[in-house]
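The task is simple: from the sequences and hints, build the whole structure.
Mapping the sequence shown onto the working numbering, position 116 (from 1) lands on 116, and the numbers just tick up by one.
Watch out, some of these pointers could steer you wrong.
As the list claims (entries may be wrong) - Simulated crosslink set (EDC-like; lysine to aspartate or glutamate; CA at most 16 angstroms straight-line):
1. K308 with E407
2. K340 with D260
3. K183 with D171
4. K423 with E297
5. K350 with E270
6. K423 with D294
7. K414 with E297
8. K183 with D172
9. K282 with D172
10. K340 with E319
Hints listed in this document are in silico derivations from the structure and should not be mistaken for laboratory results.
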Amino acid sequence: MASSSRDDRAGAAAPRPRIVLLPSAGMGHLAPFSRLAAALSSGHACDVSLVTVLPTVSSAEAGHLDALFAAFPAVRRLDFHLPPLDAPELSGADPFYVHYEATRRSAPLLAPLLAAAGAAALVADISLASVLIPVAKELRLPCYVFFTASATMFSFYAYYPAYLDGAGAGDDADVPGVYRIPKSSFPQALHDRNNLFTQQFVANGRSLSKADGLLVNTFDALEPEAVRALRQGSVVPGFPLVFTVGPLSPVSFPARACSDYSAWLDAQPERSVVYVSFGSRKALARDQLSELADGLEASGCRFLWVVKGAVVDKEDGAELSELLGEGFLQRVSGRALVTKAWVEQGEVLKHPAIGMFVSHCGWNSLTEAFAAGVPVLAWPRFADQRVNAGIVARRGAGVWVERWSWEGDPGLVKGEEIAEKVKSVMADDMLRRSSTEVLEAAMTAVAGGGTSYRSLAELVARCCDGSASNAPSEA
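Right, here's the structure in full:
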């Protein structure tokens, strides 16, 4: 039976669409899914369930999930326990990519869980797209794919299979309607076609045309060329509908707040502190950590530095003095706070004491910086981060020193150069003004009537109607 139109429902309470969200491993994927869950549940009156794939790779993920469900009891938790993965060929591979693969191989086992949820739609993580779309189709469940990074990177992701199939494979990728992505900015794993990540990347890219719609954590004014090219089918002909839903707001977990860094920031002058964090996925090499410490010390600036010493936090047992050298903490005492503890980064960046952000350019970190109006000193390290750094530079939201090395490159970025660049960005009033303009555009996008608000509302309306054919409203 065809569903009733919205006009037919006038005067009656609109149904609460049931939507199941299925993220994959890593805080870079889990955090935006949590923000989407909060936005759908609290801001768009949806009945939301979130699948938790267990065990998690990191303690940060486990803690984040516990805090999410405590803060948002209306979001239902659907636990899915991964069966053991018998894959000796993956020994030594990145633990997060191994977790992706374990989930992908177990995708058919998710069918009973999804069927029992009684959902109107499934929103699946991009890393699981090629295996979850067929499962959803078998259940006659509309399946949307959520790309948690930039629209520019998404255009590259979608175009990459055609790039491999074409005569130009091996050169830079000239993404139709977007930009030329230099081969030096490709995620490092893509240089090896046999790499596990590459195999997953290509399979997911080829599957996107079968999705009912695609969500991207960006906003139209930030990446107009990429968003337009995706929606018009310039990147891939016949591409599904694209919903820009960002920047999704960080979810506040008061119970996890750290009074130490909050109190310290409260005592600092306005815009005087450099915030330094390279995310939750990778750790700088010890010699580069030492150069960064020297640079921050030599800059003379106040700084809050979140240090990561290992890829997986469960294995991060080194003391700060061991990582940064004897005497460093004593020398910067009073003008710096250095910690290995988890911080609520979205709240940190919005603190008036923060003047700039030295970032690896993970997309969550950048959207938080954009939403806070904080200039970024971009230092990408791996994966999509050079593509993201290009967005920072093009939009005037920060500075990218392209010659600085990233993971796998020879050489070090020396402390003297880091100190000079930190000082110059902190003193750049024009950069601060352009970062404020990005903030204003982001606020406009997510406010009622804004492009991202309307895009998410139209997704919810389609779920209410049980429709997978209505185009989203033009931004």
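Which earlier hints can't be squared with this structure?
Of the numbered hints, just 9 does not hold.
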